[in-house]
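Asks: In the order they appear, the protein sequences are chains A and B. Read in order, the letters of the first sequence correspond to residues 1 to 603 in this note's numbering. Read in order, the letters of the second sequence correspond to residues 1 to 363 in this note's numbering.
Hints are not guaranteed to be accurate.
[Claimed, not checked] Pair by pair, the computed Cβ-Cβ distance ranges are:
hint, chain 1, residue 1, chain 2, residue 2, range
1, A, A459, B, R235, 58 to 66 Å
2, A, Q117, B, D347, 45 to 53 Å
3, B, A131, A, L416, 50 to 58 Å
4, B, R168, A, P34, 28 to 36 Å
[To be verified] A few chain A residues that face chain B, going by a derived Cβ cut-off under 7 Å, partial list only:
hint, residue
5, D15
6, E331
7, E333
8, A336
[Claimed, not checked] Here's a subset of chain A near chain B, in silico, CB distances under 8 Å, partners left out:
hint, residue
9, W41
10, S42
11, Q61
12, R201
13, A217
14, P219
15, S246
16, K363
17, A467
18, R468
Hint data in this document are derived by calculation from the structure and do not stem from the laboratory. The structure displayed is predicted, hence computed values, not measured ones. Positions of the beta carbon are idealized from the N, C-alpha and C atoms, including for glycine.
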Amino acid sequence: MCGINGVFAYQSCADPPEASELAATSLAMRARGPDGEGQWWSAERRCALAHRRLAIQDLSQRAAQPMVSADGALVVTFNGMIYNYPQLRAQLAANGARFRTTSDTEVLLHLYERHGQAMCDHLRGMYAFAIWDQRRRGLFLARDPYGVKPLYTANDGWTFRFASQVKALAAGGGVSLDPEPAGIVGLHLFGSVPEPFTLHRQIRALPAGHGQWVDSAGPREPRAFASIAQVLAEGAAAPAPASELSARVRAAALESVEAHLLADVEVGLFLSAGVDSGAILGLMRDAGQSRITAITLAFDEFNRSSEDEAPLAERVARHYGARHVVRRVSEAEFRADLPAILAAMDQPSIDGINTWFVSKAAKEAGLKVALSGLGGDELLAGYPSFADIPRWVRWLRPFALVPGFGAGVRRVGVALAPGAFRRRPKALSLAEFGGAYPGAYLVRRGLYMPHELARHLPADVVRDGLARLRPLHRLAETLKPDPGSAIGRVSALESANYMKNQLLRDADWAGMAHGVEIRTPLVDYALLKALAASLPALTPGAGKRALADAPSLTLPQEVVRRAKTGFSVPGWSADARGSMLTAPKGLASRAKVLELMTLPEAA
Amino acid sequence: MSEEIRILALVTGAFGETGGIASYNRAALRALAADPRVATVSVLARRGDDRRGIPGKVRQLAPIGSPVGFALAAIVMALARRPQVVFCGHLHLGWLAVVAARIAGAKLVIQAHGIEVWRRPRLRRRRRAPARADLILCVSRHTRETLLAWCDIAPERVIVVPNTISARFTPGDPGPARTRLGLAGHQRLILSVGRLDGRERYKGQDLAIGLIGELRARGRDVILAIAGEGDDRPRLEALAKAPAAADGVRFLGSVCDDALLDLYRAADLYLMPSKGEGFGIVFLEAMACGTPAIGLACGGASDALGRGLGQALAEADLLEAVDRALDGPAPDRLALSAEIHRRYGEDVFAGRIGQVLDRLEIA
C-alpha cells in the first residue's frame, strides 16, 4: 500500500527543499494511495517527507502518515505491511512503549527508538520506509529482504531524494534524467531493468534487504541486513530429511498465509489454474477465512482451449467454496488499456499485462488487498530452469575451463552459419556462458545475448553499459555466499533477479495503478528460513506436490498434473511487449522484439 | 583519537602555486592540518615552492617536476611515512595515488576540480584509478555528475565539497575603487574577473563586452571593468572598440588582492557568462562582498549561483536580467554576504573536511 517520497537537503550549501517538488512527486503517485495524503517538514525545513495512503490497517485518521513519534524526535513515511506487527506491538508494549494507534506504522517508530538501524532484523513483511531522526539530523531508509516494495533514491551531491517510483522522482523536476547505459543494456539482456540501476543514472534502487543512512556528510553506501543466498547456504549446511518435506511445507506455508491475511479490509486472491494460488486458497480456508473472493483472468482468445485457466480455476474455487469471479479480457479492452498500461509502468518491462488486468478485476470486485501465488516457482523449484541450469553447468563446465573456448565457438558458428545462429542466438551463447551458474542463468532468462546488443543499441551504450552492469559478475553476486546446492543456486538466481526485477516490479506498478495491494505469501523471508533446509534435496516436482498437499483439503490432482504453463497471454500482447521495450525513447528495435517474442524459449 | 592520522598529499601544486586548483588544495590541506585527529600532512607537489603560511603540521617538500622523479618520491614517501590517508589533489595523479595508497595500506581520497573530469579520459588507467578511491571530493554537483558518467564507483563515495570563501570578503566602502576608475556618481559598474586565455576563451568576457554595447545603446551609462590578464587581451580590446561598447569597457590587467576586494565592493553587479567553471569561486567572492552575481547556467556555476543567491541563466536571458538588475532596488549586501559565508565560510569548509575524515573510518 501507499506511495512515499521525501527530499533532504543534507549539504549545508544546498538550497532548502521546494514544496512544489515534494508535492509534484507525491501527486505522481496518487494511484498508489487514493485514501489520503500527508506532508511533514523538519523544523529547519531541510527535510520534507510525503505520503499517499491506501488505508488497510487502522483505517482511522490517527494512522495517517507521515507519522511523528510522541516526543517529536522521529518521523516515518512507510509503504508496505509488517505482518508480525501484532507480536512486535505486544513485545514493545510489554517493554514500556505506549501506542496511540493500531497501525503497523507506529511499530516502526518504537522499533527504531529501541534498536536503531538493527530494527530491520525484527521485521517480517514487505516494506520500504524512511525514518527521520531529528536528534541525529539524519534519514534512515530500508527495504524488505526480497524487494517486494520498491524504493528509489537520487543523490545529486547536495540533496537526497527518494520515492516509491522512478517516474514520480522524475515528475518532481529536481532529478537529472541523464540516461544510465547499464539500465538500458540490462533491460535488453533481461527484459526488465536490473536493480540497482534504472534508466536514469542519478536514480537508483535501494537494494533489497538493505538499509541506508543519510546525514549532513551525505548518503552512506547501503548495508545489507538480509541475504537470500545466506539463508539458503545455512539451510544446505544443515539439511532436513526428505521425509519431513510435506510436514514442513504444510506448517510453514500455512503460517505464512495466516500472517498475510492480517488486514482491516477483506483479503482476496488471484487464482490461476496452477498449484501455487490454488494451495494458497486452501490454506486461506485453513487459516479460518470463510468468505474468500478469488479472481481469475480469462482471455477471449483462449476460450475452451487448453490455455484457458478459467475452467480449472472454477473447479478449485468450488472445491474450497470461494466466491469466484472470472474476468474476461478481450483484445479490444487490451488495446484500449494499453496507453494506461504504458503510463503506469514505472520502468519498462516486457511483462505485467496479466497483473494489470487481474488487479483491475480485483478493484472492480471491491478488493483492496489480494494474495498472489507469485514466488512459488522460485521457492519450490517449479521452473524448468531448476533442471536445465544444473545440467548445462555439469556438461559444459569442462569447456568453460578452456579460456576463450566459448567465444571462439560463437565466432566460428556465426561465420559458418550466420542465419541459423541469428535465429537461435542462445544456442551459441550456451557454449560461451553455460559452464557456470551465472552464465547459464543469463542464457536461460536472457532476452538478448550480450553479443547481439551491438545490433540494437549504439556502440558506446553497449560498451559503457556492459562495463558498468557487469552482468555475469552481478549475477554471481546473488550467489554469495554459495547457496550450497544446485536447487539453492537456481532459487537464489531466480529470486534475486527475475522475480525481484521483473515479477515483483510488475506486481507493484500494475497493482498500485488500481489501488490494489498484492501480497505474496510465498515470497516471505520467514518462509524461506523455514524451508531452506528442505530445498537442497527437492526432487523434480516434489516441492509443488508438497505445496498442493499442504491444505487440509488437498488440491485436486488435475491441478497438480496440469503442465506448468504459467500465466499465458494471447499473441496480441506481443505487440504490447514490443511497445513496452521501445517506450522509453525507442530503446530497442521494435521489429526485433516482436520477432523475439514469437520465438520459443530457446536453449 | 588525537593526532594519530598521517596524511600523504600528492598534488600538482599547493603552497606557492597560483590558480584555482592550488588554492583549493591549500584550503583542504589547511583544514586537514587543523583537525585534531591529524598528526602530520606531508605534501609532495609538482610545482610551487613557497613555505610561507604553511601550518605547523604540514611539510611540503621541494617540488619535483619530472613525472618519474615524482612517482619515485611518492612511493618512497608511502613506504617511509606509512600514511593512513593518501590525498590526491588531481585526477592525473590518480593512478600513482592508487599505488601509493596500496603500498601504505592507506585510504585514498581523490579531489576532482572541474574540466579534468568533464570528459571521459581516453587512458584506461585514468578511468580506473578514481574507481579505487574510498572517497572522491568534487567541487560542484556538475563535476560530480560528469565524473559518475564514466567512473564506475558507488555514487555514495563521490561527495561534493565546494570551495570555501575567505573571511576577508565582506561588503565595504565602494569609494576607493570608484575613485580609481574615475566613475561619476550616476555611472553603474559591472565587474568581471578572470584570466584572458586565448586557448580556453570560456570565461565569456566577449559576451559581457557585447552586452555592455547593447546596454549603452539603450542609453544606460554603464561601465564594464575586466580584471585579469592573458594572451586574449588584444582580441577583447578590439571587440571593446566597437562603436556600441566604446568607452564602456576598462581593462584593468592583473590586480592585487586588496584592489580586487575594493572592486568587488564597488561593483553594482558581477557578470561572468562563463561556460567552463568547475565551480566559479569568483561568484562567491563577489557575493561575499555583497555584490549580486549573474552567470550562465552551465557547468558548476549553477552551484555557486544557487537559488536565491545569484542568477544562473540561459545566454538568451542575460541582457534582460542585467538590465533588470541595474534597475532593481539596491540589494541587501549584508544579508547576501552573510548567506554566502553561512554556506561557504572557512569554518563550514573545515567541518566538511572533518566529515571526510569521519567517513574514512580510520581505525
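Asks: It remains to establish, for every hint, whether it holds in the given structure.
Replies: Each hint tested on the structure:
no.	hint	result
1	A/A459 - B/R235: 58 to 66 Å	violated (39 Å)
2	A/Q117 - B/D347: 45 to 53 Å	violated (30 Å)
3	B/A131 - A/L416: 50 to 58 Å	violated (40 Å)
4	B/R168 - A/P34: 28 to 36 Å	violated (57 Å)
5	D15	holds (4 Å)
6	E331	violated (43 Å)
7	E333	violated (42 Å)
8	A336	violated (40 Å)
9	W41	violated (17 Å)
10	S42	violated (18 Å)
11	Q61	violated (35 Å)
12	R201	holds (6 Å)
13	A217	holds (4 Å)
14	P219	holds (5 Å)
15	S246	violated (45 Å)
16	K363	violated (38 Å)
17	A467	holds (7 Å)
18	R468	holds (5 Å)
Against the hints set out earlier in the document, violations occur for numbers 1, 2, 3, 4, 6, 7, 8, 9, 10, 11, 15, 16.
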